[in-house]
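Participant: Position chain B against the provided structure of chain A, taking the given hints into account.
Residue numbers (this note's numbering), protein chains in the order written: chain A, 4 to 166; chain B, 4 to 166.
Bear in mind the hints are in silico, worked out from the structure with no lab data behind them. Note that the structure is predicted; figures quoted are calculated from it, not measured. Hints may be right or wrong, so weigh each one.
Identical copies go unnamed one by one, so any copy, or any two together, can satisfy a pair.
Using 27 Å as the maximum straight-line C-alpha spacing, the simulated DSS-like pairs for lysine-lysine come out as follows [to be verified]:
1) Lys128 - Lys107
2) Lys6 - Lys107
3) Lys102 - Lys144
4) Lys7 - Lys107
5) Lys144 - Lys134
6) Lys102 - Lys34
7) Lys128 - Lys144
8) Lys144 - Lys107
9) Lys134 - Lys102
10) Lys34 - Lys107
11) Lys6 - Lys102
12) Lys7 - Lys128
13) Lys102 - Lys128
2 protein chains.
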Amino acid sequence: MDKKAFQDYYPDDVAHCYGCGHLNEHGHQIKSRWDGDEAVCTFRPQPYHTSFVGYAYGGLVASLIDCHSMGTAAAAWMRANGLEIGEVPTARFVTGSLKVDYLKPTPIDCELVIRARATEVGERKVIVDSKVLANGVVTAKGHTIAVRMPDHLVAKMTESGAR
Amino acid sequence: MDKKAFQDYYPDDVAHCYGCGHLNEHGHQIKSRWDGDEAVCTFRPQPYHTSFVGYAYGGLVASLIDCHSMGTAAAAWMRANGLEIGEVPTARFVTGSLKVDYLKPTPIDCELVIRARATEVGERKVIVDSKVLANGVVTAKGHTIAVRMPDHLVAKMTESGAR
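In isolation and in its complexed conformation, chain A is listed as follows (with noise of 0.2 Å):
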């Protein structure tokens, strides 16, 4: 696999994100890379990121797979494109729509692995499906909406939020 990861291409002015920016000193910064055609990441519970004791909270969950699958959609539509993530220009991509199937408890003491696909590419969307794993066993499903950002978007966006 990379080195490095989708995350680390992304472009300073829009690295801040709690889940995935690798700007953000206080979040979770997950890393994704392909292996195949599926893109892979790993995250280490914290002990506080209960839901019932032992139990990951499904908000992490949720987060995982939300960052994983928008980080999955950019690397798929460049790869679609002809292009590999890292070469510009950098596609963005926003979460239009997150489901998660929660099929049962997700362990916390445990590092967990999402793995996720692109299973269609359009111009402006991407639908990414996903799986949350826990030593092997598949505790949730994640099926996203990613909506390409047009780079002026992207760019009032990071004008008009404090820095």
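Facilitator: What follows is chain B alone, placed relative to chain A:
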């Protein structure tokens, strides 16, 4: 509105959730209360809960919808059964499925209001629809399927994790 929130009535054994447990000192500790037929909670994001600078990350929005909807499911189930939350036996729900539609970016620098309504209350399943408002504008909509936990499973889960 009731001064005590739904989550204030959660038994201590199941009050460790990062999103809504009153015993999780690291977590969001959201508080949900009835406002007529709707349940309402408010949340002020921290500056580091960023997506793009100036906006809240999607995982936070999903977490707030998730936990607020589970509290609403429990309270609505009890009401449908002639009880009010706080009376015993306390019903407890977990998320079977969570869907979030992100309608527009959610500003980070204001209090967010989450309003939820149980649209279907069954014996074992409650459907909750919700919306997130920032400065009075709906930025996201949630649709959750809440599943009632059997008492013995709650007991098993609280026994199996580290305390």
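Participant: So, for every hint listed, does it hold in this structure?
Facilitator: Status of each hint after checking the structure:
| no. | hint | in the structure |
| --- | --- | --- |
| 1 | Lys128 - Lys107 | between (30 Å within a copy, 16 Å between copies) |
| 2 | Lys6 - Lys107 | neither (32 Å within a copy, 34 Å between copies) |
| 3 | Lys102 - Lys144 | both (8 Å within a copy, 12 Å between copies) |
| 4 | Lys7 - Lys107 | neither (32 Å within a copy, 31 Å between copies) |
| 5 | Lys144 - Lys134 | both (4 Å within a copy, 23 Å between copies) |
| 6 | Lys102 - Lys34 | both (21 Å within a copy, 24 Å between copies) |
| 7 | Lys128 - Lys144 | both (20 Å within a copy, 20 Å between copies) |
| 8 | Lys144 - Lys107 | both (10 Å within a copy, 24 Å between copies) |
| 9 | Lys134 - Lys102 | both (11 Å within a copy, 15 Å between copies) |
| 10 | Lys34 - Lys107 | both (24 Å within a copy, 25 Å between copies) |
| 11 | Lys6 - Lys102 | neither (29 Å within a copy, 33 Å between copies) |
| 12 | Lys7 - Lys128 | within (25 Å within a copy, 44 Å between copies) |
| 13 | Lys102 - Lys128 | both (16 Å within a copy, 18 Å between copies) |
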